[in-house]
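Chemist: These are the residues of each chain, in order.
2 protein chains.
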Amino acid sequence: MGFEDATKGEIDQALQLSWQAFQVYKEYPLTKRAELMATIAHELNKGAANLIPVAAKETNLDAARLQSELKRTIFQLESYAEACIDGTWLDARIDTADKSKSPVKPDLRKMLIPLGPVIVFGASNFPFAYSTAGGDTACALAAGCSVIVKAHPAHAETSDLVAAIIKKALHALNMPEDIFIHIHGTSFEVGKELVEHPLTKAVGFTGSLEGGRALFDIGARRPVPIPVFAEMGSVNPVFLLPGKLRQDAKAIASQLATSITLSAGQFCTNPGILVGIDNESLLKFRDYLELEVEKVPPVKMLHPSIAKSFHEKRNAALQQNDVKVIATAKYEENELQSLPTIATVKAKSFLNNPLLHKEVFGTYSLLVKCSDVDEMIEVAKALEGQLTATIIGTSEEIRDRPQLINTLKERAGRLVMNGVPTGVDVAIGMHHGGPYPATTDSRFTAVGADGIRRFARPVCYQNWENELLPDALKNENPLHIWRTVNNQLTKNPVGRFPE
Amino acid sequence: MGFEDATKGEIDQALQLSWQAFQVYKEYPLTKRAELMATIAHELNKGAANLIPVAAKETNLDAARLQSELKRTIFQLESYAEACIDGTWLDARIDTADKSKSPVKPDLRKMLIPLGPVIVFGASNFPFAYSTAGGDTACALAAGCSVIVKAHPAHAETSDLVAAIIKKALHALNMPEDIFIHIHGTSFEVGKELVEHPLTKAVGFTGSLEGGRALFDIGARRPVPIPVFAEMGSVNPVFLLPGKLRQDAKAIASQLATSITLSAGQFCTNPGILVGIDNESLLKFRDYLELEVEKVPPVKMLHPSIAKSFHEKRNAALQQNDVKVIATAKYEENELQSLPTIATVKAKSFLNNPLLHKEVFGTYSLLVKCSDVDEMIEVAKALEGQLTATIIGTSEEIRDRPQLINTLKERAGRLVMNGVPTGVDVAIGMHHGGPYPATTDSRFTAVGADGIRRFARPVCYQNWENELLPDALKNENPLHIWRTVNNQLTKNPVGRFPE
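Those protein sequences? They're chains A and B, same order as listed.
Just so we're aligned, residue 1 is where the first sequence starts under the UniProt record's numbering, counting upward by one.
Just so we're aligned, residue 1 is where the second sequence starts under the UniProt record's numbering, counting upward by one.
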């Protein structure tokens, strides 16, 4: 099955159509946006039996993993639809006029409105949850934006099937079909032209640092710059404090081995660096980890090119000064498969070698051995921006090491205590983001309903008559949403006291 | 009095010191941040008698205007300090664990934390309110960031005095003095080095499109990109619908004449384009406007270079095809003064000449004559991004012209109905921002407490023990702030039902 790259003419047409559909879509009430999202979720559920085998063939992910990913995708659509109706994300603000002031304080009312057509680039490692009908698409639709998805070429057929489901939902609801447009492209040119098009207003991307940065640069260099939110993964360091390790070395090793090898290590929150203090507990932990990791069979990776990159980066890392393999799955190396691997290095060598700080996408983790907690802090300081940082420690250890926690907080979007970074819950309390190079803008999240805000901007109505205001800002509060009225959060209509 | 440009070494030292002070400042409770801001406000008030004459000498702004600007500056510090303590801006989110789920739903708690040292570039036209202790500084301090201000060279002495007041406040409160650092620089290099420094985490700028875009580009091209929020002004179009103009031509002309000529037109919300339908009412309006504008005396502009640019741009605009002067103050042209001027042009000529769409900073406005409302919409569509758009119309006219309103909403951050765009109230309902080139990121505001969010990012705590969490996220809610607990906004402690 062949998928032709969209031509420049087709991309221009797609943006024109998307812009026209946006004009209609943005005027829909929140309930209608939510209805579209819920209908897509419903159709995805109905289509599961068709989707899973195709996705499995294209990505080598097993059916159970794909089932659970599809469930997550449906949950995202449903929960962002609920957040959409809830309307708190609109950040509605009302300051009523004060005619006693000189000059007169005008009536000011503000809410978020959608940016316009959003380009979504599907992720290789999540054919459902971060691709065609995934998190970025759901956030953009909730915000009131039209969406153009560029299918990830590694699962183009799955993407086509999901796109057909979205189109079906649009037809069923009698909505303009160009609210969602699906495009194929293997060449970088297609992405570049999509981001450069004057009608493109924002971009969501999940993938490699190289790809994300290239799109960010294109977005920033446009005559009219646009926000390009790229989530580009990280090494997700795990800091093992000695007291806790002494207590629980075995359980911690087991939990981490699972996290490291889950889905062939193909998660952006995969823990790629473990940092501990070189003592007897760490030796014990290392031995347990070895035992666990050796049991894990290699798994076919998402795509031959991803497997090739894994082996190249793994081998390059293993060839660095002072790096030693401590555990590897006992199987023949196969160029299409992951090869679960734990290596080790002394902190001094790690600190002197930036290559060792980089992500090896797949089942590879490096255990960094420090002489003491101060050296752990040095290691933490040497790290780039991260999606997550994990601290394994007793309450006392964490309380007594504010400098370590602080250093990690400066570098990460999420701080996990005595757990593992894999498993990114879809919840408003989640932050899936972090300082560069984890993402291109640490102020926004790719997971949870707060991600909607990436695709919306405030507009203020000054001195508008009540009848001419959008419902979200009318005195009566017909949408029953939370609003900040004269600096107080309330659901009350304007003018009723206490507000 | 001479102010030396900071050297590269001094800039590096400033960032190192700012970073160290940030480590202390960010750990302060919100009340302590607010105390600093309130103390600066108090000291500014006490210092008014010294500040006003110096600012008047440096900027040519009159004492009354400077008094009111200083009052605004004090109000900004006080009201953002209140917002800081209120804590709603922290976007605290709590999703409690659910052990019945498989996999177990972890406890997730999220809040905003400061980005780090922020560089603030003072504005030429607001020596107090958008300079040294102005809106960007106040937002950054509320967010928990340390601040480095680069003084605007046109009012370097005023900036020095204000900086001394901030230092005094820091000393009085026994806080590290490097929470605030003041730097001089006339060359672009100083700004470039400040934005390029690896310890710089964000930038606030108010000024020209050229200056703002240059800093934005530097920020985006860094190895680690940072957000550069630049507010760069706009032409703030005013659309005059025929029904309302027929009713109120005289009052509208009077109000607009004041807005156009206020403070020598040196506001970023100065209305630079008026759009009407070429009929008898518009002729009448034009005549009233002429009478009003002719009465306004020229005023010395902020700086000889600004006056020079005004005259150059004004003259270039007046030389364009079909542009005719309809009103100009009856005074000799003086190269240091503004010269209140209204010109007129047919919509067709305007649409064909992008030069006429550009801001002429000062007392110059262009009346664009359309044949009908459809042509007004064409004019609206031809405009770039704007801070504001104003609609003068009856309720019926506005209700019946959704396409015009919609086109303006797409291009502007604030929609004024039957008023003038000048007068940017400091309130949470205000949006002072807008699509590029009004600002570099339409999702943020430069005025109002929502501006704090420009300088903060979320961090998520997963599975943390209650005692180890920051106060904002503890079960007890010791700060008594609004939080989203299991998707419900509440001030209740966690675990009390209803939440």
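Mixed in with the good hints, there may be bad ones.
Where chains are identical, the list cannot tell them apart; a pair therefore holds if satisfied intra-copy or between any two copies.
[As the list claims (entries may be wrong)] As a list, the in silico DMTMM-like pairs of lysine to aspartate or glutamate whose alpha-carbon atoms are at most 20 Å apart:
hint, residue 1, residue 2
1, Lys26, Asp372
2, Lys250, Glu82
3, Lys491, Asp91
4, Lys409, Glu384
5, Lys346, Glu359
6, Lys71, Asp5
7, Lys101, Glu78
8, Lys409, Glu467
9, Lys348, Asp322
10, Lys330, Glu359
11, Lys346, Glu210
12, Lys295, Asp278
The set of hints was computed from the structure by calculation and includes no laboratory data.
Chemist: All the hints need checking, so say for each whether the structure fits it.
Modeler: Evaluation of the provided hints:
Within a single copy, Lys26 and Asp372 get their C-alpha atoms no closer than 56 Å, and across copies no closer than 27 Å, so neither meets the 20 Å cut-off. When the C-alpha separation of Lys250 and Glu82 is checked against a cutoff of 20 Å, the pair qualifies neither within a copy, at 41 Å, nor between copies, at 50 Å. For the homomeric pair Lys491 and Asp91, the shortest alpha-carbon distances inside one copy (12 Å) and between copies (18 Å) are both at most 20 Å. For the identical chains of this complex, Lys409 and Glu384 are intra-copy neighbours only, at 12 Å inside a copy versus 40 Å across copies, given an alpha-carbon limit of 20 Å.
For the homomeric pair Lys346 and Glu359, the shortest alpha-carbon distance inside one copy (18 Å) is at most 20 Å, but the shortest distance between copies (60 Å) is not. Within a single copy, Lys71 and Asp5 get their C-alpha atoms no closer than 30 Å, and across copies no closer than 59 Å, so neither meets the 20 Å cut-off. In this assembly of identical chains, the alpha carbons of Lys101 and Glu78 lie at most 20 Å apart only when taken from different copies (18 Å versus 46 Å within one copy). Taking the closest pair of Cα atoms, Lys409 and Glu467 come within 20 Å of each other only across two copies (17 Å); inside a single copy the shortest separation is 47 Å, beyond that limit.
Taking the shortest Cα distances, Lys348 and Asp322 sit within 20 Å of each other inside one copy (10 Å), while across copies they are farther apart (73 Å). When the C-alpha separation of Lys330 and Glu359 is checked against a cutoff of 20 Å, the pair qualifies neither within a copy, at 23 Å, nor between copies, at 70 Å. Within a single copy, Lys346 and Glu210 get their C-alpha atoms no closer than 29 Å, and across copies no closer than 49 Å, so neither meets the 20 Å cut-off. In this assembly of identical chains, the alpha carbons of Lys295 and Asp278 never lie at most 20 Å apart, being 25 Å within a copy and 83 Å across copies at closest.
When each numbered hint is compared with the structure, violations occur for hints 1, 2, 6, 10, 11 and 12.
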